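S.K.: Chains as they are written, first to last, in numbering that gives the first Met the number 0: chain A, 0 to 424; chain B, 0 to 318; chain C, 0 to 174.
Read the hints as simulated data drawn from the structure, not as lab findings.
Note that the coordinates shown come from a computational prediction; the quantities given were computed from them, not determined experimentally.
Heads up, the beta-carbon is just placed ideally off N, CA and C, and yes, glycines get one too.
Misleading hints may appear alongside valid ones.
[Stated by the list, open to error] Computed list of lysine-lysine pairs in DSS-like fashion (alpha-carbon distance at most 27 Å, straight line):
1. LYS46/B <-> LYS127/C
2. LYS222/A <-> LYS212/B
3. LYS46/B <-> LYS223/A
4. LYS30/A <-> LYS42/A
[Claimed, not checked] Footprint (simulated), chain C over chain B, 3 or more residues, beta carbon under 8 Å:
5. 122-130
6. 303-314
The chain contents come next:
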Amino acid sequence: MSSELLIKNGRVIDPANGIDKVCDVLIVDEKVSQVGKVNKPVKNVINAKGKLVTPGLIDIHVHFREPGDEEEETIASGSAAAVAAGFTSVVCMPNTTPPIETETDVEYIHRKGRQARKTHVYTMGAITKKREGVELAEMGFMSQAGAVGFTDDGNGVQDPAVMLWALKYAAMFDVVIAQHCQDNSFVGSGVMNSGYYSTILGLPGMDKLAEEAMLWRDIQLVKKAKVRYHAQHISTAGSVELIRQAKKDSLPVTCEVTPHHLLLTEKCCEGYDTNYKVNPPLRTEKDIDALKQAIADGLVDALVTDHAPHLQSEKELEFLTAPFGMVSLECALGLYIKALIEPKVLDWPGLIRLMTERPAKVIGIDKGTLSKGKQGDVTIIDPDAEYVVDVNKFRSKSKNCPYNGWKLHGKVLKTIVGGEIRYET
Amino acid sequence: MAASGKDKKFEWNRKHLLGLRELSAEEITYILDTAQGFEQISTRSIKKAPPLRGKVVVNLFFEDSTRTRNSFTLAASRLSADVIDFTMKTSSVSKGETLLDTAKNLEAMGIDIVVIRHNAGGAPLFLSKNISACVVNAGDGYCEHPTQGLLDVYTIRKLKGSLKGLKVAIVGDIAHSRVARSNMWAMTKLGAEVTFVGPPTLIPAQVEQLPVKVSYSLDEVIEKVDVINMLRIQFERLGGNPFPSVREYSHYFGLTVDRMKKAKRDVLVMHPGPINRGVEMESEVADGANSVILQQVTNGLAVRMAVLFLVNQAAARVE
Amino acid sequence: MKVILNSEQIERILEDQARRIISETPPKVEIAVIGIRSRGEILAQRLAEKLSKNRKKNVPCGALDITLYRDDLNSPRAGAGPQVRTTEIGFDVDGKLIILYDDVLYTGRSTRAALDALIDLGRPKAIKLAVLVERAGREFPIQADYVGHKADVKPGKSVQVNLVESDGKDQVIIE
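Bound-form chain A, shown alone (with noise of 0.2 Å):
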């Protein structure tokens, strides 16, 4: 007996397959059978009228925390948390206690997210053994059990010696490189942007060289080794221009944009309100200007939360000592609307190719369509619908998130994933 779920009359905008339309979505037995107008009669039916209908949304880069530090999130919550926030596919980042670097540590974290059967999880592994920067990790072995790419993520890979070894190994496998930009011999101990304001809150700074000098030495490395590219959390002007003219010479290089880097900036640290504090840091208004523009011309390939969970008792610390890192998956959505939707940066159509179609192909993940025979993974969103952000009633094991009390627009009504009503509200 053949499992069938029928949703009606909304607006499904499929960016992938050009469509944008009202209509319907018929999925059966997990597979999207049919999008157009569906005369079937069929059981479960959920009726869309005035609502948004899309492929299944990807976030490629969230911190899950499991091994190691399970206080702060699991992948259990984590996924809880993401599924309710519209996303059926996650990328989970390998800094974790072990990192991911071998073969069965992906299958771990595989395993782990199948048990949670809230999205699908999926994994990078580390470039280098620990993170470290000095020797390769297996590559080989981490691809083969399916790991979507490679970062060293919370750290940039220093030596450029071992970033063209990596580069160049990986030319053996159809992965994806990915980095967080980060010279650390510009970073030194520094917690917020370099500029006017860390110099009055008296605190050390991140020189935007950081980022910039190390995502033009990949780019070098990239002209060599030709292996697929993708620039992490981008956060300056300047990096926007890098990648526009590694992209004008047909360069494989990709890169993403998080929610905090188009909506706030480093003016927020006054308060030493530590949820301010990441990394890369926030930024100035001519940062965001030249980030929006950035994905009004094409440049980005994804939109990332870069979800970094963090105890209470880690975030309350002086601003220096504090770790990095902000949690905003469950409110991601609108906060991309408020960035983007509303100044009238993309229209609906651009912004879900950001979190679907583009986030897959960096990958290389046969998702983020509404194609006939791909898994039946879809968001049903309502983009009017007014909330404020409560985080305590966050899914998520952690609440350091600087948009509590926030009035944003676009909630997500059902998320779906393989034909499996997994969150409604």
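Chain A is fixed; fit chains B and C onto it per the hints.
M.R.: Structure of chains B and C alone, referenced to chain A:
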């Protein structure tokens, strides 16, 4: 014995063997043909012949190698030459003597042939320009190991008849391998098609300018080749970076019994030695029916005898 | 160029030598023929076939390359050295009467080299030298046991042996 018009009138006039890159196909073939004439010396009961009687051959080895050194020593002895072993540890080089001074000192004692192994590419050429003895390269840096290249093609020719059109895969750390380079020169000059196989981090720069194909996948190549030459992976030298671990290397590039099932039934499995059992190849393959590794060692003696004989001959020529 | 032996004459010489060897060798003694490359081994093969027919038993034949035993290898000379070829003797020389066959006996140096080469292969019961053509000019005290033809050759001229198997026809010429 009367002269006869049917004899080949080939002129071997090189008193040094520094590499295979500068040799012609005809010269290489001449060495192989000559080596054939030396094979039976090693199998009969009196394993000696007199051509180098009264000549002095010096093994000048600045890099550790018992296997190649022993092969040259035995080859020289079988030709009745006197052999002096000069290894770095026991010499005045450790006291800071330069390569040139070392060689000139030996020359002052009256030597005829120097067999040199050195970690600097070009050291044999340097030596040949500065002393009057014959110089035979037993391995210089990453550059060449000509007698290994010669014995490898000799082995293939003996078993397959000819190298023309043969497909050969050379697998391993190509970037740092003088064996790979000498093999490449000799094999391509004799008409074989050579493919370098290894992780991209161990393929040398601008390899597209060399007369070889490249593949990062042994599985892709193994069904098509007639000869597989496995190189030794030297982890001590590499320091953990061109690839992450021995086991990942073996997984992708090790010659396992399973991989051999995909190969041609009469494929030749070669290795310059010494073998890292379980890394480059499984023991069952090293000792298996397709392995000609021990034959390589035997042929190495005949080839080295031929080389010593020929350079000595060239030195006797009146210019 | 003067032809001193033609095809029939060469054939008759070999027949003659075969007959003499048989009559002078006790039947119990094992005979083997070894020819000196190049051309000696071809003549040796023909002789061995005749001996085999006569003895009604296989008389083995081998080819000896003496390049490694020459005494002029280390002397200065113009031009390339002689090419090393293979020695192919597929039987044990121990205890046999070896008929060493060369095409021309001149200075005797080749025979000296062949004797040294043979001794390194084992311990024959006896070695006898058979040649197709002999000419004056010995530099070593060596004589053949079986001489086919004594040639009168002026100094400066050389004797050339052509055989069907290697040169297309059988003849011996002086030029």
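S.K.: Is LYS222/A close enough to LYS212/B, meaning Cα to Cα at most 27 Å?
M.R.: Roughly 22 Å separates the two Cα atoms, so the pair holds.
S.K.: Is it true that the CA of LYS30/A sits at most 27 Å from the CA of LYS42/A?
M.R.: holds (16 Å)
S.K.: Within a Cα-Cα threshold of 27 Å, do LYS46/B and LYS223/A meet the stated pairing?
M.R.: violated (55 Å)
S.K.: Given that the region 303-314 of chain B was listed as covered by chain C, double-check it with a C-beta distance under 8 Å for 3 or more residues.
M.R.: n = 6 at 8 Å, threshold three: holds.
S.K.: Are there at least three residues in the region 122-130 of chain B whose beta carbon sits under 8 Å from a beta carbon of chain C?
M.R.: violated (count 0)
S.K.: If you draw a straight line from the CA of LYS46/B to the CA of LYS127/C, is it 27 Å or shorter?
M.R.: holds (25 Å)
In this structure, the hints that do not hold are numbers 3 and 5, in rising order.
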